[in-house]
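Colleague: Starting from the structure of chain A, add chain B where the hints point.
Take a look at the letters that make up each chain.
Number of protein chains: 2
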Amino acid sequence: MLLVVCDGVSDRPVKQFDDKTPLQAARKPAMDAIARNGISGIMDVIAPGVVPGSDTAHLALFGYDPYKAYTGRGPIEAAGAGISLVKGDVAFRCNFATSADGRHVTDRRAGRIRSGTAALAKALSGMKIEDVDVIFKEGSEHRAVLVLRGPGLDHRVSEVDPHSEGEILRSEPLSPGAEKTARLLNEFVRMSHEVLADHEVNRDREKQGLPKADIVLPRGAGSVGDLEPMSERYGLRCAGVAGVTLVKGLCRMVGMDVIDVPGATGGLDTDYMAKAKAVLQSLETHDFVFLNVKAPDIAGHDGDFRLKVQVIESIDMMLGLILKDLHEDVVVALTADHSTPISVKDHSADPVPVTISGADSRVDSVRKYDEISAAVGALGRIRGMDLLPIMMGMANRSAKFGA
Amino acid sequence: MLLVVCDGVSDRPVKQFDDKTPLQAARKPAMDAIARNGISGIMDVIAPGVVPGSDTAHLALFGYDPYKAYTGRGPIEAAGAGISLVKGDVAFRCNFATSADGRHVTDRRAGRIRSGTAALAKALSGMKIEDVDVIFKEGSEHRAVLVLRGPGLDHRVSEVDPHSEGEILRSEPLSPGAEKTARLLNEFVRMSHEVLADHEVNRDREKQGLPKADIVLPRGAGSVGDLEPMSERYGLRCAGVAGVTLVKGLCRMVGMDVIDVPGATGGLDTDYMAKAKAVLQSLETHDFVFLNVKAPDIAGHDGDFRLKVQVIESIDMMLGLILKDLHEDVVVALTADHSTPISVKDHSADPVPVTISGADSRVDSVRKYDEISAAVGALGRIRGMDLLPIMMGMANRSAKFGA
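Which chain is which? The protein sequence lines are A and B, in order.
Take the first sequence: its letters are residues 1 to 403, numbered as in the numbering used here.
Take the second sequence: its letters are residues 1 to 403, numbered as in the numbering used here.
Certain hints may be false.
As the list claims (entries may be wrong) - Distance windows between CB atoms, simulated: (1) B:87 with A:330: 36 to 46 angstroms; (2) B:359 with A:27: 20 to 30 angstroms; (3) A:362 with B:19: 28 to 38 angstroms; (4) B:82 with A:367: 49 to 59 angstroms; (5) A:86 with B:151: 52 to 62 angstroms; (6) A:133 with B:252: 50 to 60 angstroms; (7) A:235 with B:304: 56 to 66 angstroms; (8) A:400 with B:344: 56 to 66 angstroms; (9) A:268 with B:228: 42 to 52 angstroms; (10) A:100 with B:176: 56 to 66 angstroms; (11) B:228 with A:130: 50 to 60 angstroms.
As the list claims (entries may be wrong) - Straight line, CA to CA, 25 angstroms or less: simulated PhoX-like cross-link-like pairs of lysine-lysine: (12) A:68 with A:87; (13) A:15 with B:368; (14) A:68 with B:400; (15) A:15 with B:324; (16) B:368 with A:368; (17) B:68 with A:20; (18) B:68 with A:68; (19) B:400 with A:345.
Unchecked claim - So these bits of chain B aren't anywhere near chain A, every CB distance computed over 12 angstroms: (20) 15; (21) 87; (22) 131; (23) 169; (24) 228; (25) 304; (26) 320; (27) 330; (28) 345; (29) 360; (30) 381; (31) 385.
No lab work stands behind these hints: they were computed from the structure.
From the three backbone atoms N, C-alpha and C, an ideal C-beta is built for every residue, glycine too.
Looking at chain A on its own, in the form it has when it is part of the complex (with noise of 0.2 angstroms):
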C-alpha cells in the first residue's frame, strides 16, 4: 500500500483563475490516472466542518483517533525532532527569543536567528532542575524542543510564552498533580536565560548588531499517549518518506520507519525525484509506505495560485516516476491532510479529494484528481480515520469480523 498526502493541496474555486482551484487548473497526468483506475470521493479528514491541524490530521490518516491521541504540540515536535520521548515525559515547542532582563520579551523569534543554535541548545541539554533531566534540541530558525524527564511530571500547566512582546508569565498548574511541572518550567525559563545571556553565540550576535537568542519560551506542553505501534496494531512493516519535522516526528510516534532522504526539506526546494527513488525501494521491504509532499501546503499559507498549481506538476511528475515502476498489486490512496485554500491562506475545513485505485480495485465514471471532481465518486464521503482501513481491505489485508 502507498499513501501519498500533498499537505494542503486542496482548495477552493478562485474568482481570478477563472473559478479554478489550483488542482482544477494543474495539469497532472500521474494523479488523474489514479482518480481513473479507481475510486474516488471527497473526506473529511476529523470531522465534518474541523479544521484540521497537520498533526492531528496525520494521525486520523493512521487511522488514530486524534481526540484520544493527542496531548499539545510538544511531544510531535519533539518525535520530529529526532527525541524519542518515554512514558511520563513532558515535552514543548520553545522559541528562541530576546529579552532585556529575563522577564522582558522584545523579540519573541530573536530575530529569526538562523545559526548558532544548535551551540545554545546545548548549553541547557543535559542540565538537571531538582531530580529532573531537561533534554534540549534545536529545530529549524528559531524554534526548538524541551523535555523534562523523570518523576512526578504532569503536562496540565499554564503558559509562560506571552505570544507577543511583554512581561513572561508565570506557569501555574492546571491541575492538582501539576504543581511540581509549573516550577520546574518557571526556574527552566529563569535557567535559560542564566545560561544563554552570555554565551559566546551571543557576544557574536550583540557584535553583529542582531537581537540575542538569551531566553527560551516553552509552549505547546503535552505528554505522549500511549500509540499502539501501527505494527502491532495493523500487522503491518511501515515505511515513511517526509522532508518536514512535524511529519517524521509523527511517523515516530506511530513506530513507522523513518526513511531518511538526503535532498527531501519539507520546503519549495524538496528533491522529488530521490523522495520518488526512496518510496519505491520503501515498497520493497514494507507492506505500507507513506510519503507526504508539504510544498502545496507552503504555496497555499502564501496564497500564491500560480506557485501552487507549478508545486501540483511537480509531484505530479514525481508520481509518474513513481507509478512507472509499481508493481500493480499495489493498492494507491492520493489525497491531501487538509485544504489551504488560497483566500484563507490557512487551513480550513473543506473536505479533501481522495482517490485510491488498485489491481482490482472499482473503477468508477471519476476522470480527474480535485475537489469537484472527485467529490461524486464511489468513494462518497468519507473520514480521515476510515481511509487505511478502506485501503486495507482493497489490499486483502483486513481481518474477517465474524464468521
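Modeller: Just chain B now, kept in the frame of chain A:
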C-alpha cells in the same frame, strides 16, 4: 450564515403527478440559484432510517445530539407523541396494564389493547397531583406517555414497573431532590387505577372477556437537559425567525434571539415578506440567522400535492427577495427538517435535500434544489448534526484542531 429550513418540504415521487416530487414540480428560481452556485447533497437529519420529529430534527440542525439532549427514553417518547417538553418536565414512557387490585400486575400490556386507549388517556390527562399537572397521551397499542409538569421535579426516581407479572414497586428517590417526584409517581399509579378501573372502555372489555386496562405503569423517567447556548458553544450571535410555537421553543432552548414577526403565523397564511425583512435585518446584528417556514409540512400532512407546490413557490418568492439584498459573503444553506411525503401524510425517514452556497464556496454540477438532483452533489450524504459545522467551516468561523 443563513439557514433556511422548509419544514417537511422533502417528499417522494407522486404517481398522479408525473412521478414528480413537489420540489421537482414547483417553479423555484431562487432555490435553484442557491443549488447552482454551491454544493448540494442529501442529509439524514438524525440518522439513516430514523423518522425525525420537528423537535429532534431542529436540535440536530443546531448541532446538538438529540439522543444526548434528552435524558432517558421518556422525553423522546414524549417528543414522539407530539408533546413539546419544557425545562423542568419529567417524562415517562408507560404501559396500560391489567391489575387485580391496583397493586398486583397480571398482564403488563392489558392484552395488547388496541382500541379505546385515547379515551382512557383523556380521562387521565389534565389531572393535578399536589401542584403538578399531569399530561398523558396514548401511543400505539398498550403504550402511552406521562409528563409531570410543575415545580421541584427530578427524574432520578426508582421504577414502579415490576417488568413482569407481580407486585407494583414503590418508587423511591435516587437523589436527594427527587422525593417529590417519587411521591407523585406513586400517587399517579394509584390514581390511574382509581380512574380507569370502572372506565366505560374497561366495562366493555370486561363484557368481551378482555383483560382490563385498569392501571398505568410508567418507566424510563427523563427530563430535558440543560443545553449549552449556541453563543457559548460556537461563539456565534444567533437569531431565529419562526412562526410555529414548537420551533420557537427550540430556538429559545438553545439560546437564540427569537425574532417576533407580526404576521408570521406558522400557518399557510404566514406573511412571507415580513419574514424576509426580519431575516435581512437580523443578519445585520447576528452571525447566524435561522429561518423556519412551516407551511410545506402542513401541505404534506394534508396529502395535498398542489398546495405543497404552491407553498414552495411562495417560499421561493420570499427567498428571491432575501437573495437580492444578501451580502455575497453570507453562507446560505437551504434544507428541510424532515420529509413529509404526500403519500405518507406524516413525517418519513427519507433523507432531505440540502444545498449550501457562499462567497468562495465550491460549485458542483447540481442545478436544481430537489431530492434527486441534490443527492449526486459534491456534499455527499451528511447528517443533520454536520450541517452547522460545515456552514461554519465555509464561513471561516471554525477553529483549528491541532497545529
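Colleague: Give a verdict on every hint.
Modeller: Hint by hint, here is what the structure shows:
1. Checked against the hint of 36 to 46 angstroms, the pair residue 87 (chain B) and residue 330 (chain A) fails, with Cβ atoms roughly 58 angstroms apart.
2. Checked against the hint of 20 to 30 angstroms, the pair residue 359 (chain B) and residue 27 (chain A) passes, with Cβ atoms roughly 28 angstroms apart.
3. The given range of 28 to 38 angstroms is respected by residue 362 (chain A) and residue 19 (chain B), whose C-beta atoms sit roughly 30 angstroms from each other.
4. Distance hint check: the CB atoms of residue 82 (chain B) and residue 367 (chain A) are about 50 angstroms apart, consistent with the given range 49 to 59 angstroms.
5. At about 57 angstroms, the beta-carbon gap between residue 86 (chain A) and residue 151 (chain B) stays in the expected band of 52 to 62 angstroms.
6. Residue 133 (chain A) and residue 252 (chain B) have their C-beta atoms about 56 angstroms apart, which keeps the hinted 50 to 60 angstroms range intact.
7. Checking the proposed 56 to 66 angstroms range against residue 235 (chain A) and residue 304 (chain B) shows it holds: the Cβ atoms sit about 60 angstroms from each other.
8. In this structure the supplied range 56 to 66 angstroms is violated for residue 400 (chain A) paired with residue 344 (chain B), their Cβ-Cβ distance being about 40 angstroms.
9. Range check, residue 268 (chain A) to residue 228 (chain B): about 44 angstroms between beta-carbon atoms, so the 42 to 52 angstroms window is met.
10. Judged by the Cβ atoms, the range 56 to 66 angstroms given for residue 100 (chain A) and residue 176 (chain B) holds: they are separated by roughly 58 angstroms.
11. One distance hint, 50 to 60 angstroms for the beta-carbon pair residue 228 (chain B) and residue 130 (chain A), is violated here, with the actual separation near 41 angstroms.
12. For the given pair, residue 68 (chain A) sits about 16 angstroms from residue 87 (chain A) by alpha-carbon distance, which is consistent with the 25 angstroms threshold.
13. Between residue 15 (chain A) and residue 368 (chain B), the direct Cα distance comes to roughly 23 angstroms. Compliance with the 25 angstroms bound is thereby established for this hinted pair.
14. Proposed proximity of residue 68 (chain A) and residue 400 (chain B) is supported: the alpha carbons are some 16 angstroms apart, at most 25 angstroms.
15. Restraint check for residue 15 (chain A) and residue 324 (chain B): the C-alpha separation of about 21 angstroms stays at or below 25 angstroms, so the hint holds.
16. Simply put, residue 368 (chain B) and residue 368 (chain A) have alpha-carbon atoms about 24 angstroms apart, close enough for the 25 angstroms limit, and the pair holds.
17. A C-alpha spacing of about 41 angstroms is found between residue 68 (chain B) and residue 20 (chain A), which places the hinted pair above 25 angstroms, so the restraint is violated.
18. Taking the CA atoms of residue 68 (chain B) and residue 68 (chain A), the gap is about 21 angstroms. The hint holds against a cut of 25 angstroms.
19. Proximity of residue 400 (chain B) to residue 345 (chain A) is assessed by CA-CA distance (about 13 angstroms); at most 25 angstroms being required, the pair is judged to hold.
20. With a minimum CB-CB distance of about 29 angstroms to chain A, residue 15 (chain B) clears the 12 angstroms threshold, and the non-interface call stands.
21. Listed as a non-interface residue, residue 87 (chain B) keeps its Cβ farther than 12 angstroms from every Cβ of chain A; the least gap is roughly 28 angstroms.
22. Residue placement check: residue 131 (chain B) keeps its beta carbon more than 12 angstroms from all beta carbons of chain A (closest about 44 angstroms).
23. Non-interface call for residue 169 (chain B) relative to chain A: holds, since the shortest CB-CB distance, roughly 40 angstroms, exceeds 12 angstroms.
24. Under the 12 angstroms C-beta cut-off, the non-interface status given to residue 228 (chain B) relative to chain A holds; the minimum distance is some 17 angstroms.
25. Distance check on residue 304 (chain B): its Cβ is at least 35 angstroms (rounded) from any Cβ of chain A, clearing the 12 angstroms threshold; non-interface status holds.
26. Residue 320 (chain B), annotated as away from the interface, keeps every beta carbon of chain A farther than 12 angstroms; the closest lies near 24 angstroms.
27. With a minimum CB-CB distance of about 16 angstroms to chain A, residue 330 (chain B) clears the 12 angstroms threshold, and the non-interface call stands.
28. Under the 12 angstroms C-beta cut-off, the non-interface status given to residue 345 (chain B) relative to chain A holds; the minimum distance is some 32 angstroms.
29. Distance check on residue 360 (chain B): its Cβ comes as close as 5 angstroms (rounded) to a Cβ of chain A, failing to clear the 12 angstroms threshold; non-interface status is violated.
30. Distance to chain A contradicts residue 381 (chain B) as a non-interface residue, since its nearest Cβ pair spans about 6 angstroms, not more than 12 angstroms.
31. Its closest Cβ contact with chain A, about 9 angstroms, brings residue 385 (chain B) to no more than 12 angstroms, contrary to its assignment away from the interface.
The structure does not agree with the numbered hints 1, 8, 11, 17, 29, 30, 31 stated previously, though it agrees with the rest.
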